[in-house]
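Peer 1: Each chain is listed here by its residues.
2 protein chains.
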Amino acid sequence: MEKQKISSAVINRLPAYLRLFTELEEKGVAHVSSNEISELMGTTASQVRQDFSNYGGFGRQGYGYDVKYLCEQMQQILGLDRTYNMVVIGGGKIGQALANYRGFDKLGFFIKAVFDVDTAHIKVPDGVQVLDASRLGHYASNNLIDIAIICTPKEHAQAVAKNVKDCGISAIWNFASQEVKLDGVHIENVHLNESLFLLTYKINND
Amino acid sequence: MEKQKISSAVINRLPAYLRLFTELEEKGVAHVSSNEISELMGTTASQVRQDFSNYGGFGRQGYGYDVKYLCEQMQQILGLDRTYNMVVIGGGKIGQALANYRGFDKLGFFIKAVFDVDTAHIKVPDGVQVLDASRLGHYASNNLIDIAIICTPKEHAQAVAKNVKDCGISAIWNFASQEVKLDGVHIENVHLNESLFLLTYKINND
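Chains A and B are the protein sequences, given in the same order. Heads up: the first sequence begins at 1334 in the numbering used here, then just goes up one per residue. Heads up: the second sequence begins at 1334 in the numbering used here, then just goes up one per residue.
Mixed in with the good hints, there may be bad ones.
Since the list can't tell identical chains apart, any single copy or any two copies may satisfy a pair.
Stated by the list, open to error - Straight-line C-alpha distance at most 25 Å; calculated DSS-like pairs for lysine-lysine:
hint	residue 1	residue 2
1	1514	1456
2	1360	1439
3	1426	1514
4	1495	1445
5	1495	1514
6	1487	1338
Derived from the structure by calculation, the hints contain no laboratory data. Everything numeric in this text was worked out from a predicted model, so none of it was measured.
Hey, can you work out the whole structure from these sequences and the hints?
Peer 2: Okay, structure coming up:
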C-alpha cells in the first residue's frame, strides 16, 4: 500500500542510483554520504535523503551509507534478486540484436524464444527458439514468460501488445517506435530517439 | 548564456514534451492548457509553466498553448530543425540494427558509414559505407560528421570515444554497456537496462 504512493519521478531515478552504487562498489568505495551521492547524481542531498526515505532510509551510519548494502537494497527494490524469462516478438534487426545480445543473461534475463510471422532468416543463439507468431498463446501457456519484448513495425505494436496481454504475459518492453498503451499490463516504452534528441540539444545549446 | 543555467532535469523532460505535443498535433488538437499538459506528463501545471519559462514561455493564449507552435518551438530547441550525419563504430548486432533502422532518416539523421576492425559480414543498406576502423580519422576529415554512435564491446568504448574526439567529431551516442566519460565532447549514454529495471520494479511492486 505504501509503495503505491511513491512518485514516478522517484522510481525513475532508482536505476541511476543502482548504476552509481554499482560503480562505487566496483571502485572499492565502502561508504558514501548523501552529499557525495547528490553530487554524482546531479541533484541535492535533500532529494537523495527524501528518495531513500521512501524505501526505509537505508540505515545511514556515521560514516555515510554502506555502499554494498545500498547495492543489495536497490537490486531488491528493482526486483533484480530473481530471474526473468522473456520472449521477443518481431524478429527483425532490433529483435535479433536483442536476442543475440549476451548482456541480458548475466543480469538474470533469459530470452527463450523469438516470434515472427515469417520465421525464415531469423538468426538467434543456441537455446533460443524461433516460432511462428500464431504460436505465442500456446507457448505462453506452457512456459512461464515474465516479459514480452515488442520489436514489430510500429503499426502492429498496439495489436501485438493486446495479444501479449491476452496470452497472459504481464509485462511488455516495447521497442516499436509507437508508444503502447494498455491497462492491466506493465509497460515500458523505449524511446531511443529521446536520448538522441538530448544529444542534439547539447550540440545546439553549448 | 541564459541557457546554460537550465537544469538537466528540465532538459531531460524536453523530448517527452515534444513526443506529447506531436501526439496532440497528430490527433488534431489545436490548443492545450498547462493543466492538460501536466496531467498527460504526470507532473504539475506549475512545473510545466516553469519548464516553459526557461524557453520564453511559448506565448500562452486565452485558449491555452497553440499545439502546432509548441511542436515547432520544441523541435527548434532540441535542434531538430536541421539534419545530422552520423557514423556507427562497431558493426556487431546493435551497430547493424541501427544502420538498418529506417526510422532515423525520416527524422533527419543520416548514417553514412559503419566502422569496424573486421568489415566482413557487416550488412548495411545501400548508400552506407563499411570501412575499416583505422580509416575513421581520414573519413572524418573529408566528411562532415556530427555524431558517432559507439556500438563496440564495452571494454573498447572509452578508447573509441577518445579516438572519436581526436578525429574531430563533437558528439557521441554511446550504446556500449559501459558508460563513457570524456570532457570536450557531447555524450549521451544509452542505458537500455534501466528501462528494463523500471519494468521489473513494476512487476515486483504492484
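Peer 1: Next step is simple, just say for each hint if it's right about the structure.
Peer 2: Each hint, compared with the structure:
{"no.": "1", "hint": "1514 <-> 1456", "in the structure": "neither (30 Å within a copy, 34 Å between copies)"}
{"no.": "2", "hint": "1360 <-> 1439", "in the structure": "within (20 Å within a copy, 42 Å between copies)"}
{"no.": "3", "hint": "1426 <-> 1514", "in the structure": "within (24 Å within a copy, 29 Å between copies)"}
{"no.": "4", "hint": "1495 <-> 1445", "in the structure": "within (20 Å within a copy, 37 Å between copies)"}
{"no.": "5", "hint": "1495 <-> 1514", "in the structure": "within (9 Å within a copy, 40 Å between copies)"}
{"no.": "6", "hint": "1487 <-> 1338", "in the structure": "neither (33 Å within a copy, 37 Å between copies)"}
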